[in-house]
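Take these sequences, add in the hints, and give me the full structure.
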Amino acid sequence: MPLAESGPPMADRNTFRLMLLILGVVFAFLYIPISVLVGLSFNEGGLPTAWTGFSTKWYGALLENDDILKAAGNTLIVAVFSTLLSTILGTLLAVGVEIRRRNGKWLETVIFAPMIIPDIVLAIALLSMFSLMGVKMGLHTIIVSHVVFNLAFVCAVVRARLKSFDWSIVEASADLGGSTLNTLRRVVIPVLMPAIIAGALLAFTLSVDEFIIAFFTAGAGRSSITLPMQIFAMIRFGVTPEINALATLVMSVSVVALALSQRLNKGGLPGQ
Amino acid sequence: MSDAFLSIKDVNKTFGSVHAVDGVSLDIHENEFFALLGASGSGKTTLLRMLAGFEDLSGGDVVLEGASIAALPPNRRPVNLMFQSYALFPHMTVAQNIAYGLEMDRLPRAEITSRVAEILEVIQLGHLAKRKPDQLSGGQKQRVALARALVKRPKVLLLDEPLGALDKKLRSEMQLELKRLQHEFGITFIVVTHDQEEALVMADRIAIMRDGGLLQVGTPQDIYEAPETRFAADFIGVMNFLPVTAGDQGFVARDGSVILADRVNGTGGAIAAVRPERLVLGDRGQNTLRGTVTNTAYHGLDLLLHITTRLSDTPVIARMTAEMADHLRPEMGQEITLSWSAKDTHIFPA
Ligand SMILES: Nc1ncnc2c1ncn2[C@@H]1O[C@H](COP(=O)(O)OP(=O)(O)OP(=O)(O)O)[C@@H](O)[C@H]1O
Ligand SMILES: [Mg+2]
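Residue numbers (the numbering used here), protein chains in the order written: chain A, 1 to 272; chain B, 1 to 350.
Think of the hints as simulated: they come from the structure by calculation, not from any bench.
Be a bit skeptical, because a hint or two may be false.
From the derived model, a few chain A residues whose C-beta atoms are all more than 10 Å from chain B [stated by the list, open to error]:
{"id": "1", "residue": "Gly24"}
{"id": "2", "residue": "Leu30"}
{"id": "3", "residue": "Phe211"}
With a cut-off of at most 25 Å between alpha-carbon atoms, the simulated SDA-like pairs for lysine to any residue come out as follows [said to hold, decoys possible]:
{"id": "4", "chain 1": "B", "residue 1": "Lys132", "chain 2": "A", "residue 2": "Arg186"}
{"id": "5", "chain 1": "B", "residue 1": "Lys155", "chain 2": "A", "residue 2": "Pro194"}
{"id": "6", "chain 1": "B", "residue 1": "Lys132", "chain 2": "A", "residue 2": "Phe42"}
Yeah, the Cβ is synthetic: ideal placement off N, Cα and C, and Gly gets one too.
Below is the structure:
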C-alpha cells in the first residue's frame, strides 16, 4: 500500500502495524457513539437494549410532534438569516481588511477573536449586552448573536482565498471603466464566489447545531426555542428514539453542508 | 510645445525616500508609437501607472488634448493600460473579457457584440471566444489583453512590457503585429520595454529613462546614430569604447595615436566610441587601429570579429557582412588593421 511506502524510513513493518491499530482505535472512539445513535434511530422497538428490526417510524413520529416542528422552523430561520448576514458582512470585511492590510496584525486578531473566545463567555457577554440595552429577546437576538461568531468564520474562509487573489484584475477593471461597485460586483465577488459559498455553508452548519449561545439569548418562554434547545429539553426525561432520529437528521444536515463547503474551498478550514 | 496631444509636464513620483520618477517632461504626438526604454528600476512602470491613474502625482501635470487629466480616477480616463501580467478576468471567457470595458461604457448590446466580434477577427482568436483565460497559451493571453484594451478605442494605449512573457520568435512577430494594429486603429501607443532592439524596431520615437529621469528622446535613428551620453550609446546597440585623453592635438588614444572625431558631446572628453559596422578593413579612414583577431562569432547575416588591441582593455568588435567574410576568411590570431572616419566617432565625458 502506498501508505506503507510513504511512512518515515525508520517505521518498520511492526511499528507501522501499531500505528494502524492506534488509528483504528481513535476512529472507533470517534465514530462508534455516532453509529450507535444512528442505528438506534432506526430501531423498531425503540429501546437501546434490544434490536427488534428496522423501521423509520421514529422519523414519522417527529413529523407529528408540533414542538419539534416549531423548533426546526426556528432553527431554519436563525440559520438562514444569520448565514445571509454573516456572509455579506464577513465577505466585505475580508476584502476591506485585505485592502487595508498595512493596518497590521492586530486587526486580524480582533476580527478572529469570536472564533476563539469560549461560547459560554460569548453567550454571557451577549446576554448581558442585550439586557443592558433593554432589548426584548427572541429569534432576532439569536440571529444577531450567531452573526457575531459566524462573521469571523466567513471572514477567515474568504481571507484564505484572498491570499492568492490577483489584485491586478481589480486595477484592470478600473482601467476599463468599472466603478468601485461594478468592480466588486462583476470581478471581486465572482472570483471569490467558491470561498464565499464555502463560508456560508460553514456558517449554516455552525448555526444549525449551536446550543449555548442560542440558549442564553433566546429569552424566556418557548416561542423562540431552537432544535438543539428542544433536544436538550426532551432529553431531561431520558433519551427517546425520537431524539435519536432528530439528532441523526441534524447531523446529516451538518455533514452535508460541511462536505460541500470543504469541497468548494480546497484550501480547507481556517487553522488547518 | 503647447499643441502636443499628450503633454507630460515635470512629473514627479516619490515613494518615501525613493525618487521613482524625477522631473519627467515629454510631449507625445497623436498616433505616435512611443517607446519608454530603460533598465530595471528606472521608473518606466511608475510613469505609465501615473498616466493610467493608478499612482498619484507627487508633482507636475498630465495634459491630454489641452485638458489636465491628473486628477481623474482611472475609470474616467480615456486611456487604457495593458498590464504586464495581462490581468485577464479568470472567471470570464475571452469574449466576456473583451466585452467588459464596453459594458462599463453602457454601450448598446448589439454594438458590444459586433465590436467584440470585430476585434476577435483582428487578433485572429475568434475560434477561442468561449475559452477561459487558463485555457490559453501565453501568446493568446497577450492578444486577449491587447484586444480588451484596444476595443475601447482609447485616446492613448499604454502597454507595460507587452511582449515580455513571449519567446523570441513570437516576440518579433508580435512587434510587427503591434505596429500594424497601432496603424490600423490610429491610436497613440506608449510602450514600455527594456529591450532596446524591440524599441528600435517598433517605435516612432524612443525615450531613454535612467534613475527616474529622461536621458534622451528621439527617433530610433537619432538615438542610434547620435547618442548624447555614454549610457545611451552603450544601452542602444553595440558600441566600442576607447579611452582617450584630451590633449592639445586632440583626443589621444592609449597607443599615442590621435583620434579624430566629429561628434563631441560635453567637455573633457575621456572616451571615444564607434559602432562595429563603421569599422572597415585596411588603412582607409581617418582613424586606424591594429590588433589581433581573438574570436569570431557567426550570426548568419554577418560575422562579428573580436579584436584585441592596445587601445582598450576589452576587445574591439567589428562587423563584417557574410560576403566580406567569405572573401577575407579572417582567422584567429591574425593581425588586422581597421579604420573608420571622424564622422562616425563619438566622444563622451568620463
Ligand atoms: N509602490 C512602491 N513603493 C515603493 N517603491 C516603489 C514602488 N513602486 C516602484 N517603486 C520603486 O520605484 C523605482 C522605479 O520602479 P518601476 O517599477 O517604475 O521601474 P521599472 O522601470 O518599471 O522597472 P522594471 O523594468 O523592472 O519593471 C524602483 O526603485 C522601485 O523600487
Ligand atoms: Mg516595470
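Against the structure, the hints:
1. Gly24: Given a closest Cβ separation of 42 Å, the condition holds.
2. Leu30: At about 38 Å from chain B, A/Leu30 clears the 10 Å cut-off, so the statement holds.
3. Phe211: Consistent with the label, A/Phe211 stays out of reach of chain B, its closest Cβ about 39 Å off (over 10 Å).
4. B/Lys132 x A/Arg186: holds (16 Å)
5. B/Lys155 x A/Pro194: violated (38 Å)
6. B/Lys132 x A/Phe42: violated (49 Å)
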